[in-house]
Each structure stands twice: as structure tokens, then as C-alpha cells.
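The hints should help you fit chains P and A onto chain X, whose structure is shown.
Protein chains in written order, with the working numbering: chain X, 1 to 332; chain P, 1 to 350; chain A, 1 to 298.
Hints are computed from structural coordinates only; laboratory data are not their basis. Here the structure is a predicted model, which means the values were calculated and not measured. Some hints here could point you the wrong way.
Said to hold, decoys possible - Computed list of lysine to aspartate or glutamate pairs in EDC-like fashion (alpha-carbon distance at most 16 Å, straight line): (1) 20/A / 127/X; (2) 343/P / 271/P; (3) 234/A / 66/P.
Unchecked claim - Which chain P residues stay away from chain A? Per the calculated CB distances, all over 12 Å, these: (4) 66; (5) 69; (6) 141; (7) 159; (8) 197; (9) 206; (10) 249; (11) 269; (12) 274; (13) 283; (14) 346.
Unchecked claim - What the simulated footprint calls covered on chain A by chain X, stretch by stretch (three residues with Cβ under 8 Å from a Cβ of chain X suffice, anywhere in the stretch; the number is not a length): (15) 30–43; (16) 58–66; (17) 85–92; (18) 181–195; (19) 262–276.
Note that the Cβ used here is the ideal one computed from N, Cα and C, for glycine as well.
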Amino acid sequence: MASAELTPDAARRPLAGRRLRVGDLSLQLVAGTAAALATVLVGLIAWKVIDGARPALSHYGLGFVTRIAWNPDSRHELYGAGSFLFGTAVTSLLALLIAAPLALGIALYLTELAPRFLRAPVTALVETLAAIPSVVIGFWGILVLGPALRDHVEPALHSALGFIPLFGTPSQTGSSIFTAIIVLAIMILPIVSSISRELFLGVPRELKEGALALGTTRWEMVRGVVFPYARGGIVAALILGLGRAIGEAIAVTQVIGGGVFIHWNLFDGGDTLGSKIAASYQGATTKLQLGSLIYLALVLLVFSLVINAAAQWIVRRVARRQGTGLNRGGVG
Amino acid sequence: MPKSGNFIRTIALLSLAAVLAIVAAGTAGATPAKKSGTTLSGAGSSFVAPLVAQWMAPIGSAYGYELQYNPIGSGGGVAAVTARSVDFGASDAPLTADQFSACKGCVQIPWALSATSIIYNLDGVKNLLHMDGPTLAKIYSGQITQWDDAAIKALNKSVNLPSTKIATVHRSDNSGTTYNFTDYLQTVSPAWKTQYGRGVAVNWPSGTGSRGSAGVAATVSQTPGGIGYVDVAYALKNHLKFFSMKNRSGKFATPGLKGILAAATSDQKPESTTNELSIVNPPKKYPLAYPISTYTYVIVPTSSPKAADLRKFLFWAVTKGQAFGPKLLFQPIPKPVLVVAEKTIAKIKS
Amino acid sequence: MSSHGISPAELRAVNLPRRKAVNRLMEGLATVAALIAVTILGIVIWSVAKRGAGALDLNLVTRAPVPFAFGPVKQGLANAFAGSLVLVGLATLMALPIGILVAVYLTEFAPPSIRNVVSLALDVLNGVPAIVIGIFVFGLIVIAHGQSGYAGAFALACLMLPLVARSTMEVLLLVPSSLREASLALGVPRWRTTLSIVLPQTVGGIVTGTVLAVARIAGETAPLLFVSSLAGTKTSWDPGHALQSIPVAIFELSESPDPQDHARAWAAALVLLLFILFASLGGRWLATRSRRRLSTSR
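Just chain X, same shape as in the assembly (with noise of 0.2 Å):
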């Protein structure tokens, strides 16, 4: 019909008013089926995981998500995740807690506070932090953050605050919950400030300069205009940021001492449930305990989804919302 209306959208529909070509037909389906692929293997890890978890899926049912144990004793062996969520709850939690007003104080110096010569070599200085491997990062705190932590912070944080439970009995071999949290804090600080950066980037200037026009001081401006406006997108990084500690094993599982213990001690050692894993990757001794490994993936991997969902579904909503070019989709 249209055969020679060459609108975009005509250019993009394959047959719209033109004979069949067996070489577009065919890239068409190479292309398509390479995204099939794609597709298929999110399920396929979604099934393998659960396969791989069987063993322990029908011995527990739901009751290992909450269970407080982790027993290879052969006379009573008993598994479940309970310390292991709690563990990466805690952890990641407070590590968001100490990133994000760092991160977002790093977001406003860099879009309003430094000179402009600054600007893109502290960008830059700030996101070669977020390359840095975590392996690497982990073996730091080994052997420099966390003796630095034991001999100094965690003696003072408890002679001045030990009449709060989280700081009870300092730690002597370095590796605690609180050099993870640490840890962890340094790790998320990048993509929480990258993000942060480019939306305060985005808000529009005659907003900013019409808040500033009125007489409000450069604070109130940042509080009144930025922070409102860049408010969901800063929702979607802190949760992002969230889901990257949420994930991250190898660096946790280097400094954080582990056991199977709920207390509140933060100098204590525990495990999250990506240290635990690592930590097993040696081998488990029976089929029970290599499934219940795997079942602490699964619940892993539950928590990372939903937490990228919701922090997608923001992005799209304040994307929609406003127009401006946050859906650059996928996490950071």
C-alpha cells in the first residue's frame, strides 16, 4: 500500500508493502532467535537454580528461608538460611546507611560546589573506585582495613557508644560484620553518587536559577528544587545500590570472620548468604548440604529480582513522569 511512504516507523516494520527477501528474512531470524537465546537464559537460570536446590527444596519446604542453622554434623544435620538473610540484611542495610549521604554529598559537590576544572577528574576518580575489583578490594581489607578497624575504630566506637548492643566486645582478628559493612559501604558508594550525579545534572536550570533568583541560598535551592525533583530517580540508586551490595560475595566473605550466629554485635563475625556460598565452593559433603547451598542462591536470587524490579519500575515511573533520560535501563 504505502510503498513509497519512507516514515521511520515504516523503515523499522520488515514487510510493510514490499516483497519477501530471503536475506532479510534471514537476518531477521539470526538476530532473533541470538534474542531468544537472551530471553531463554534468564529462565533457564531461574530452572537450574531451583533444580540445583531440589535436594533441600522438598527435605525443608519454606521453613529453611527462616530457619537459624547450619549443621553438617552427620549425626543431626540441619540447614537453613534465617542467619544468612539476617546477616545480609544487616550488612547491606548498613552499608547503604553510611553510603548514601556520602554518595549524595559526592553527587551535589560535583554538580554545584566544584570548580569546573575539578569536575571530571573527581567524576572520574569516583567511578575508577567502582571498577575496582572486588576480589582486590577484599584482600584490602584483609590486610589493611581490617587490622586498621580492630586496633583503632572498634575500640573507640566501644568505649564511647558500648551501651549500645551493636557495639559490644571489640573484634580481634579484623574480620567482622563491621568490616563488611565497611566494605561494602565503599563498594555501592560509586554507582549510588554516579547515578545521583547525573540525575541532579538533569534538573532542569531555569528551576534551579529561578529558586536562586527568589533569594534561597544555594542548601535551600539543592532542598527545595533538586532534591524534590530528582527524588524518584535518587529512590531507584539508593535501591540499586542496595540490590549491588545485596549480590556481592567475594569481598564479604573475605572480611566478615563467618558463623552462624544472630547477635548484635557488629564487631562479631557472621555470613551473609553470597559469603556463605563462597565460602562452601570447596565442595559440600553430602547431597543435602550441596542442595541447601544452592537453595541460599535461590533465595539470593529472589532478593536480587525483586529488588531490581523495584527499582526499575521507579525509574520507568519517574522516567515516564518526567521525560528526562533516566531509562537508561540496567543496573549500574
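Just chains P and A, lined up with the frame of chain X:
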């Protein structure tokens, strides 16, 4: 624009070609013919890993074998050889009946003999402090928490012990050394036996978990006040202090060759079907015996495509290989056990 | 407005010193935050550089590791360097073509409904933690066939795929439709248009995306732990068996009690860090360049 576009394209194609060339050349170089029959891969106990590491060069020059060994812990070794992803497994914990049947025709051969040392990191005190079983059990179950506790002081009257907190370190992976250690604890402490028992992993009430004997040695050496259990070769290599343990005859024995040999004399008859031996906490009549000594076993399938090479390797290991042991405090296995070992090795056929 | 007869202007003047103080405080805090970030980065890089440079020599790349060496022995991590090259190379070979094809399909052929589904799948794939990818490949390949370099490369490719697809899509969308329309108007078939006209415009962006993706997976440890970690000490290029890799080697050495092992780990970490930094910064520079070129040629 065309110029820089071409430049980038050229760089991209060149890098891709380089990567492909490297991968192709490399994979072509590692031909299958070269690998079969000459690589013997094993995995398992980190306890025996120092000795196996000493064997790699001499075995290579004697028979041309390339010996590969991954110290992933006794539990991992048993799992790996059961899945036939390695040619032999190594475990300090003897196989259970279930593991034997899962392994489908594997034999268990004692191939080395050494001891688990209890290492400690305490400034200002000498090496070879005294310790006994019940006190050790109380330390690891969290009942004794400080170095200047009365029980420890009583064993070391002339030593000025600091009031540092004790930081216990245990194995986080499935470990034959844990099996040996808890085997000892449960024979000297009925409370430990009921609460924790023995195994390649137990439900530790507290303390830090580390991977492998190397990990435990690392953690203890970096933790003031730390205590841990490792094969004595690790204590030697890393210059860690360790205890002399009180044995059944009331004497304090060290995990040296004499102490290990005395302990080994207490049981020279491997079990008829499983070949296992238990030399933990030997009876009174061995006054020199170190009470936390253990044999360590190699687990091999009786029928395998590399049977002839495995036989050669294992014969060498239990005879000539033992000579590499003493400087790492591996006591050469006594004659009666050697005879049984050789008989079992002969069972490995293609 | 005010019950005390003070005008808004005077009110503003009364509060102004306090507001200015608050403003200065907040500006100070923001600057401190930036300083903290830069300081942390500096400390980490300085630690790695100082300890790594001391142990950095050619032995690291040419000699194999010697486990339980008593006394000083010349050893290195040759097996890890070779293994990493093979793993990353194979992963790129697996992920690059599929990633480009997926991007082409999404931008040139897919109706909006399918585009949403596939895009969602890519986003989900991007969000799966690396350790779960490792468990997935463990269940898929390793349980049945044992560890291998192919399995390790496949795990890394799963991580690379969304990154390559996404960056290729971005660059494909930047190619002006006028180019496509002109080609179609001249009678060039769709497939030729896509392959010979559109894609060549995007090579710069694809290279950039690949370089950034390689920088990302070069340092990944978690997917390889379960899949390619039981490797020998001898240098091997054969992906049929498990291959050692630099991140896994650093992971294992980080738990050793031997300061010599730590030294080698620092040196390997330094090399890895330099490679990743070089690749990331280079990739980003290429990205801004090619994006600037494409958008100015509209």
C-alpha cells in the same frame, strides 16, 4: 571522520585477531595426547598437601608424571573423587560406609602419618606451652575465654600468662583435620562428645572460621590471642608457636617424629575392609605419644583408565615418597601398615 | 501576613545569617564527602601500588607457582595470567556476536511488545548476582562434566551479554534514520542496509562497549569459584580443563599465612587494577569520542 573510523576499526580487528590467535595457538598446543596418562590430578586434604607438594618434582623426574593437587579439604576431596573429576582424593577422615558405596569401588589407603598441632599467637610467652585435652575442649566450647584462666595457669605454673581474650579459630570447610581434632576432643571430654561430637564439620558455638589449614594458620598468625588447629607442617613453615599436649600417661608430648611414631605404635593393624586406623589419645603405655596424631588416606577407584600410572605413583609415594616427610614432620609409615597399603595398591587395575 | 508588623523582606534579613550558616555547613559536608571518597580511593590504590610494585617482576608472569616452598623460591602466577587470557578471550567470543545480534534485533526488527520482553530479560540478566551465575553454570555444566575453561568462559559471557547488548543498542539508536531511509530509497535490501551501512557506523561504540565489558569481567571471581577453580600449577591454555585465573588466584592467596604469597597477590592485584583502569578509562574516552562524532554527523 573516515580516518579515525578506519583507525578504530583496524585496532578492533587487530585485537580480536590477536585474542583469537593466542587462544587458538594455546589450545592447539595442549594436545589431548600429551595430557592422558601423564597428568595425575588429585584434590582433598590440606593436611597432606605439604607432603604432596614435595612429591611433585621427584615424581616428574622419576616417571614423567605431572602431579596436580588442590587442597580443598578432605570433604571436597572425597566428593571430587566420587564424581571422578580427579584421579585420586585425599582425606584425613576415613570414609563412612555411605561414602564408600557412593564412591562405587574405591579403596582407602593410608599413605602418610603426621599430627595436628594446636597453634597459638601470644606475645611474650615461649613456644611449647602445656595444654591438656579437657581444657582445650572447654576453650573451644566457649567456657574458658581468657588466657590467664585458672585451668591454663595450672598447666603452666612458671609462665606469666596475659589476660588477653582467647580467639578460637576453626575450619570453615569440610576438613579431615577437624575430624582428627574433634575425634581427640570427644575422647577426652564427654561433654564435647554429647554436644558437638566429631566430624569433618561441627556446630562450633563461636570463633572464626577459615578455609583450609593455610587459612587457619593465617588467621591465628594475624590475631593476637588466637588459637587454632593445623597440620604441624603449617606451624613449622609459618613459625607459629604450638602446645605440647598432655597424653594419657601424664607426660607432655610434642608433635615431633618421636611423638608421632609412638602414637602410631598404638595401632598397627588397619581395619580389614576399610584400612582405617585410629591413633588418637593412645593408652598409657606409650609415654612419648603425641595424642592428636593421625594417618591420612588416599582414596582411589579400583578401576580407572589411569590405573597403571596410579599404581606406580602410589607405590612410590608409600615407599620412596616417605623420605620427603621427616623434614615436614611426616613420620614414614611403619612396616605393618606399609604391607597392607601395598596389598591394597595392587588391587588397582584398569 | 505577619502579626508583628514585620515585612517579609525584614523577616528574610533576620533569618539570613542562620540560613547562610546552614548553607555553609551543607556545602562543607558535601565537600567533605567528596574528600572522603577521593581519600578512600587514594588509600586503596596506594596500598595496592606500594605493596604490589615491590613484588612486581617478570617472574610473576613467566614462572609457575610452587606450593609449600620452603625458603626463597622463584615463583609467579603464570598459570593465572594464561588462564585469564583464555577465559576472557573465550567469553568475549561467546558474548560479542550474540550481544550485537540481540541489539540489532531490538533496534531494527522487533515490534514493541517483543522489544519490551527481551529488554526486560536483559535487565534481569544484568541484575543476577555473579555468584548465582556461578551456581547456575555449576548446575548446568559442572555437575555433569566437571570444571572446565569453557564453563568458566560461559559464566563470564553471561555477565558480559547484557553489557554488550545495551551499549550496542545505544550506539545503533544514535545512527540517524536518514541514513537508513536513504539506503532503502536507493533499493538496498534491509539486511544489506543493516549490515553494510548501519553497523559499520557503530563499530567504535561496539568496541567501547566490549572494552568496558572486558574490564568488568576481568576482575570477576564469584562466577569462576565453582566452575573453574581446581586448576594445576602448570601453565595451561586448554579450556577443556579448569583454568586458573588472576582473581581466583588473588582470592586463594589472600587467605594464606605466608607473606610471600601476599606479596605475589599484591603484585597480581596491581597488574589487574592497571589493566582494568586502563581499559575503563580508555573505553570511556572512546565512548565520548564516538558519541560526539555520531551526534554531530546528524
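Hints, one by one, checked against the model:
In summary, the hint linking residue 20/A to residue 127/X is not supported, as the alpha carbons are separated by about 32 Å, beyond the 16 Å threshold. In summary, the hint linking residue 343/P to residue 271/P is supported, as the alpha carbons are separated by about 13 Å, within the 16 Å threshold. For the hint linking residue 234/A to residue 66/P, the alpha-carbon distance of about 9 Å falls within 16 Å, and the restraint holds. With a minimum CB-CB distance of about 6 Å to chain A, residue 66/P fails to clear the 12 Å threshold, and the non-interface call is violated.
Its closest Cβ contact with chain A, about 8 Å, brings residue 69/P to no more than 12 Å, contrary to its assignment away from the interface. The Cβ of residue 141/P lies farther than 12 Å from every Cβ of chain A, with a closest approach of about 26 Å, so its non-interface assignment holds. With a closest Cβ-Cβ approach of about 25 Å to chain A, residue 159/P is found to remain outside the 12 Å limit, as its non-interface label requires. Listed as outside the interface, residue 197/P is consistent with that label: its C-beta sits roughly 27 Å from the nearest C-beta of chain A, beyond the 12 Å cut-off.
No beta-carbon of chain A is positioned within 12 Å of the beta-carbon of residue 206/P; the least distance is around 20 Å. For residue 249/P, the non-interface assignment is confirmed: its Cβ lies about 33 Å from the closest Cβ of chain A, beyond the 12 Å cut-off. With a closest Cβ-Cβ approach of about 32 Å to chain A, residue 269/P is found to remain outside the 12 Å limit, as its non-interface label requires. Against chain A, the non-interface label of residue 274/P holds: every CB pair exceeds 12 Å, the least being about 26 Å.
With a least beta-carbon separation of about 34 Å from chain A, residue 283/P lies farther than 12 Å from that chain, consistent with its non-interface assignment. For residue 346/P, the requirement that its beta carbon stay farther than 12 Å from each beta carbon of chain A is met, with the minimum near 28 Å. Under a criterion of three residues with beta carbons nearer than 8 Å to beta carbons of chain X, the stated coverage of the region 30–43 of chain A is upheld, 11 such residues being counted. Proximity of the region 58–66 of chain A to chain X, defined as three or more residues with a beta carbon under 8 Å from a beta carbon of that chain, is not established by the 0 residues found.
For the region 85–92 of chain A, the stated coverage by chain X is violated: 0 residues have a C-beta nearer than 8 Å to a C-beta of that chain, whereas at least 3 were required. Residue count for the region 181–195 of chain A with a Cβ under 8 Å from a Cβ of chain X: 9. That meets the three needed, and the coverage hint holds. Counting residues of the region 262–276 of chain A whose CB lies closer than 8 Å to any CB of chain X gives 7, which reaches the minimum of 3, so the coverage claim holds.
Hints 1, 4, 5, 16 and 17 from the earlier list are contradicted by this structure; the remaining hints agree with it.
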